[in-house]
Amino acid sequence: MANKQFKTKIENALDNKVLRGALGRFGDAYTISREQAYEGYDFTELRENIARVKSYAATHLDEMLDQFEKEASARGAKVFRATTGEDAKQYILELARKQGAKRVVKSKSMASEEILLNKTLQAEGMDVQETDLGEWIVQLAGQHPSHMVMPAIHMTKEEVADTFTEHLKRVNEPDISELVKTARVELRKKFLEADMGISGANMAVAETGTLIMVTNEGNARLTSTLPPVHVYLVGIEKLVPKFEDAGYILQALPKSATGQKITSYVSMVTGATPAYLPDGSVQTKEFHIILMDNGRRKMYNDEKFKKTFQCIRCASCLNVCPAFQLVGGHVYGHIYTGGIGTILTNFLNSEKDAQNPQNLCLQCGKCSEVCPGKLDIPEMILEMRNRMGEKEGLPFTQKFALDVVSNRRLFHSLLRMASVAQKPFTKGQPVIRHLPMFLSGLTEKKSLPAVAKVPFRDVFKNIKQDVKKRKGTIAFYAGCLIDFVYPKIGEGVIAAFNEKGYEVVFPDGQSCCGAPATYMGDRKNARKSAIINIEALEAEKVDYVVSACPTCTHALKDSFKELLEDDPALAARAEELSRKSLDFSKLLSDLGGLTPGGDGEPLKVTYHDSCHLKRKMGIYAEPRKLLSNTSGVKLVEMKESDRCCGFAGSYSIKFPELSGPILDRKLGNIEASGADVVVVDCPGCLMQIAGGLDKKNPNIRVIHTAELLLEKRKKMKKKNKK
Amino acid sequence: MGIDRTTELYERFKTKLEAVSGECYRVETAKEAGQLLCKVLQQKGVQNVALLNASISRKGTMENQLGEAGIVVMTDHFREVTPDAHAGITQVNYAIAELGTLVQADADANVDQRLCSTLVPIHVALVSTSKLIPTLMETMATLHRLPRIPGFVGFITGPSRTSDIERVLTIGVHGPKQLVVIFVDEQVEEVA
Ligand code: SF4
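Order-wise, the sequence lines are chains D and W.
Sequential numbering of the first sequence, starting at 1, is according to this note's numbering.
Sequential numbering of the second sequence, starting at 1001, is according to this note's numbering.
In short, the hints are calculated from the structure, not lab data.
Just so it is clear, the structure is predicted and the values come from calculations on it, not from any experiment.
Even glycine gets a Cβ: it sits at the ideal position worked out from N, Cα and C.
Some clues are possibly wrong.
In silico lysine-lysine, DSS-like type, Cα no more than 30 angstroms apart, as pairs [as the list claims (entries may be wrong)]:
#1 LYS1044(W) x LYS169(D)
#2 LYS181(D) x LYS1177(W)
#3 LYS488(D) x LYS541(D)
#4 LYS1131(W) x LYS181(D)
#5 LYS1059(W) x LYS157(D)
#6 LYS1044(W) x LYS189(D)
Derived DEER-like restraints, expressed as beta-carbon distance ranges [unchecked claim]:
#7 PRO1083(W) x THR165(D): 20 to 28 angstroms
#8 ASP15(D) x HIS1077(W): 28 to 36 angstroms
#9 SER73(D) x HIS1077(W): 30 to 38 angstroms
#10 HIS1077(W) x HIS167(D): 28 to 36 angstroms
#11 LYS1044(W) x ASP66(D): 44 to 52 angstroms
#12 GLU1068(W) x ASP279(D): 49 to 57 angstroms
#13 ASN1064(W) x SER73(D): 43 to 51 angstroms
#14 ASP302(D) x HIS1077(W): 48 to 56 angstroms
#15 LYS1031(W) x GLN99(D): 42 to 50 angstroms
#16 ASP302(D) x ASP1108(W): 41 to 49 angstroms
#17 GLY1067(W) x LEU93(D): 44 to 52 angstroms
#18 LYS4(D) x LYS1044(W): 35 to 43 angstroms
#19 GLN1187(W) x GLY142(D): 37 to 45 angstroms
Computed, partial: chain W to chain D, Cβ under 10 angstroms [to be verified]:
#20 ARG1148
#21 ILE1156
#22 GLY1175
If we strip away everything but chain W, and leave its shape as in the complex, we get (with noise of 0.2 angstroms):
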């Protein structure tokens, strides 16, 4: 991907999600993704996160950042610790710009990144700016053209919404009240 077209396609992405309330972030190196991490939880009050092992997040030397910055990091036990997290930090597979939607898609489908990113009130994922999609149908054929379908597929967009009561607005019902999506643009090795 050229760089204009990867540039239009984050910046699709990130008008997207923010109409639905995300917060959306672009830096270079895996390194800065952990320094903005830091910033943003310490900003938002966060003195604890669950966190996923992943691509992102080994090589930007997260354990160490967060620890660093005062935050207790816990890497394990997930089904224990994530329901009192105060964020879950996740890796996902693709984003897709025309919606502002991130995708998970392990071929294990993977059950921790799942309850670090639903139970959480804060969720931070990670992302290769190189896994932007266009569309909502290109993603389709992308996982379709994998092996096999991951066991587990999870559109994400923005933080859990409901309009159940008088068709009022309300951001945060059983998933996360906040969505922050870091977009890296370093290339580390493939997590699926």
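Only chain D is shown next, with the shape it has when bound in the complex (with noise of 0.2 angstroms):
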């Protein structure tokens, strides 16, 4: 859980008006010019050469830092190899000693802002100065960037100009225009006196020993043009076997980083090129490269995060992440920000640094669905969530909560309890205030559902099947919220199966999916409820296992099988569950959806994606097309259809302040869509877009699919019998 000092951070950012201004307007902005940049061209085969070619490098990391070595010292550069950032530093610092050089110009390197070289620099007395304009800002106001691609994203004109006033020691006024007028004079003076260049590179081409820089402002140009000494810092991830591969990454990154189709500059370096030294000849450069190690080797020598080699540091990932667009890239800490900034961070600096921003992933997937890297960001940290989980336990609160929601028994008793203590309460709230987690979500923007009173475990011995033509059984997999809160949507599920010719058989052993547990970095528990699912549904005697959570059928089909790889009888048997396990709207849609029907009676309906469902498990054609099928319903789309609504599983416990504007914002385009009703197939969803109505719009119903397919056959059979 986070600590205080983390939560008052955020606070902070939220306050932070103008930083949520730029965020929202960039982050819409973004969605559209990035979509603009890829037309015509096609991500999916894009990002599979990227990856392809970068995993290779990956994997034959020493054979292409040697490769890149020979070719670039074969060209005249000095190849120095660093494995700390202390390494780095040292000889940077050395080399300037021995140039005697005193001004240094530095196009953006995070490499360089990750080891801290300018504080060495200017230890030793010499002018450091940042030529990016952005982080150029963002050293003068003494800060560091927010943003990989956009340092000073956080920052208002107004701040830029009290900057560069106070720096400058002369007035500078709030117009974006002069204020770039500034920086082109101030900062040409320092591009013509400088002894020095540092910089970063976008890439590393092995087989040719060339580095390739890309920037819009022109900076890195001059950098690598005016200075005759110069040196690259470069990191190690930043090979690419081929020339031509780079290509690959020159057409993604600028696509995905700005919404650019290319960026006004790219710069290629091979080797020491000539450059006028100060007595005005024309002579060939000192020249020198350092591939830094500095935590990488240990990060793509982890199974768990080798891909983190694929990435192209384009920040995309972050653009699009909710979080991060609410709370900007300060609050992570750490040079690095955002998703990827959380996994850099844990290894670049260390697993504790990790520890506060790696809760804020809320992981929805949105950012893995744009990565031209195809990095699946949620995936590792929560493989980072659950190291440190085993390592440091988690907080007493929570693990208990988890140890109550893995003994099945004590678990379900005391949602019985619950059911019957709630009663004299109104709306049934304070006392689910002290369920576990996922249940208990209090925040002042939503209402709770209450417990039902019947779970559906009781509501299912009551049900008839009616089922003609039998062609074979189906295990329904209710989940917690279906079981104790929506037995409603349990109830659907049954009759479009039966509809279907299955019967449906409910297995009382069944139990938490273990969601709660694996996203909390629990992941004992969570293979304690893998083994009691797995032992309860006894998948190999029905023909499929059905869930109406999105969140389960990803524990049924993927985490169960995880969990237990190293157990080779339930490992096989967790295999069969995942084989046999589908979601309703799939099933359903794969059994031939519903004949066509519904009582005809026109009903507006939206439809917002599950996280879960969309993007671990690509459904969303599925839900669209049985609720279109039934008469009546005229399906309206929402903007921002998949984006998240905020619950994330135990998120909206965790970080409210962070939960409620994202679900605000999601309210927000289900009011605009103009519908009557907006349909969801995640419980959680469920609860948390019915809790924010509730307090906002309580004309809006939210149903999930299985609950609107019973309703309007249901209505349809009333009708016909009148």
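Two chains, two frames, some hints: make the complex.
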């Protein structure tokens, strides 16, 4: 759980209207410009290519490094391999001393930020100037970048003007083009005087020893052209094997980073180039390349994190992250921000430094969808969470709650008790507060559902299953929310499959899928839950296992397998369960859907994609089709239908302050669609959105697909009878 | 390249370049390029230029033409003159139609060429129409096929720009504020 200081940082960021405004506006504009930039390009193919060449480089790292060094050296570069940031700094310091360099210009290098190079050089009395405008502003303001691509996105023009005024000792007005002009004039002097240039690179081509830099301002060109001495500080993740491989990254990087087809400048430097020396003669420059490890190798040698090598540092994962959009980069605390930044921080700084920021991940998966490097960032963050949980243990209350959840009898009897105990209270809220995490998300913005009077497991016993032409048996896995809060959804599921000729069984021994434990980093309890359910469901005996909760389906399909891979017997059963498990709308569609029906009553419906369903399972067309096939239903799309609603498991409890605004945005989009009903396929989303709408717009109803189908078909039957 | 193909590539290039605030022209001969150059520079109020020695400018006797047009022409000591020159005139090796991108790829990693195209407020690039390449990927392959990768390869797509303050696009930060590209159909001897 996040600590107090961290929470304060979040609150401050949320209070910062400028930041939120800037991030919000950018987030909206970004989505559109990125799409336009990729128009006519095959993103899937492009990212395949990037993943291929980068993963090749990751698995042939030493070979690539040797080759790069050989090629670059043959062209006059001096190559140094730095194991740590300290090594790199020492090398640069010594070089500067030897060359008598006093004035340094730098073009954007996250690697140098990472090792706090400027401090070292300044301590030596050197004048070090960042030359990327955003970096320069941040440097003058005594801060560090809040975004990999847009370092000063958190500042207003007024703040920039004040910073300039203070630093340049003359008044600067908050006029953006004037501020840019000032920067041009000031930095021009620095470029022309510089004794030494330092820059990073976006790519390093092993085959040719070429370094490639992508910029818009032209500062990299100037930095690499003017000073007679140049040092490139390059993280070893920048390697690509072949020259043409760089083409793929050149295609994707600008499009993903800023929504440009290409940046204004791309500079490719191979070996030492000529430069003007102070005496006016043109000579080959003093040229150094530092290939820096500083924790990267450890990261790539770790099976679960090897893929970080595929990251091209475009920052599109940040740009689409709902949490980042609210708090910006500085909350993450270190140089690298957002989801990918949290992972990098974990390895390049320390696990401890990543502990707070990793909490910010909603696990919504939007980032993986846009990532040109094909990284599964949430998956890696989860792995970090698990490792932290294993190492340090979870805080007592969390641990206790999860222990309770993974003890089926205790958990279920508590839930039953709750349904009785909540009665005397208005809306049933006070009691729920003391229930395990995912049922206890109490915020001012939301109402909570009450625990159902009769859980689904009891309702089930009284359902008459009317199966004509029986085709087989399906086991229904309800999951906690359907079982104890939304039993109606279960009824819908059964009715639908009965109609398709399947009898539905409800294995009594089933219990929580373990997702709350999984997402909080408690692998032990998650494993316990996996075993309970595998034994209870006995997938071997049925044709399918169906769930109407995507989080549960994901657990049945993927997590159980992973959690039990060390136990061959259980793993085999998990595999069988995985094979047979399907989400409600997917299975129903696979079985051919329902025969067209419905009561014909006009109903304007909009659909909210749950993160797990859409991104983990790729299901979004199926439910829409089921809905559209129901007579009377008119489906209207809302804006950003697949944007997270902010429920995200325990997130709404851990970070109500973030979950709230994320929900607000969702509610706004729902309202704007003009629908009477919003349909979801995840009980968690249902709870979150219903809670919000209850306060904001009680005229709009939220309902699960299975429930809506049930309702519409029941009414149809009634009508027909009349 | 057939005429239609060339024209199609040129049109594509022009559209892309204009989309990023560049100016694009096409003329038949180097001489005409010189005339156009004078006109464009005069319109912009340019009084002196840094002119890089290259095949098109030589063939088009641009130094003379510019001089006659009353523009001061500087042809050496670029490190000293480019910081104050009103414009720089260079010739680039290729142009990528897909992106509206110019490619500097001299075998000798010419530092003067970089100064004339980076430090000046207006950069005019001359390029042979025959050097249009359809795509970025083909350009990478073309560069790779050279006897060796030039020490400095520069892609230039429009003038210098930044959006670092409040995401507001501002043209011309460290590099040129204007980029003018003149395509010349006439074949002149190679520069690189
Ligand atoms: S993880 Fe993916 S989206 Fe994020 S910066 Fe790296 S390449 Fe870009």
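Hints versus structure:
| no. | hint | verdict |
| --- | --- | --- |
| 1 | LYS1044(W) x LYS169(D) | violated, 33 angstroms |
| 2 | LYS181(D) x LYS1177(W) | holds, 11 angstroms |
| 3 | LYS488(D) x LYS541(D) | holds, 26 angstroms |
| 4 | LYS1131(W) x LYS181(D) | violated, 35 angstroms |
| 5 | LYS1059(W) x LYS157(D) | violated, 48 angstroms |
| 6 | LYS1044(W) x LYS189(D) | holds, 25 angstroms |
| 7 | PRO1083(W) x THR165(D): 20 to 28 angstroms | holds, 26 angstroms |
| 8 | ASP15(D) x HIS1077(W): 28 to 36 angstroms | violated, 56 angstroms |
| 9 | SER73(D) x HIS1077(W): 30 to 38 angstroms | holds, 33 angstroms |
| 10 | HIS1077(W) x HIS167(D): 28 to 36 angstroms | holds, 33 angstroms |
| 11 | LYS1044(W) x ASP66(D): 44 to 52 angstroms | holds, 51 angstroms |
| 12 | GLU1068(W) x ASP279(D): 49 to 57 angstroms | violated, 36 angstroms |
| 13 | ASN1064(W) x SER73(D): 43 to 51 angstroms | holds, 46 angstroms |
| 14 | ASP302(D) x HIS1077(W): 48 to 56 angstroms | holds, 55 angstroms |
| 15 | LYS1031(W) x GLN99(D): 42 to 50 angstroms | holds, 48 angstroms |
| 16 | ASP302(D) x ASP1108(W): 41 to 49 angstroms | holds, 45 angstroms |
| 17 | GLY1067(W) x LEU93(D): 44 to 52 angstroms | holds, 50 angstroms |
| 18 | LYS4(D) x LYS1044(W): 35 to 43 angstroms | violated, 60 angstroms |
| 19 | GLN1187(W) x GLY142(D): 37 to 45 angstroms | violated, 57 angstroms |
| 20 | ARG1148 | holds, 8 angstroms |
| 21 | ILE1156 | holds, 6 angstroms |
| 22 | GLY1175 | holds, 3 angstroms |
Consistency note: the structure conflicts with the earlier hints numbered 1, 4, 5, 8, 12, 18, 19.
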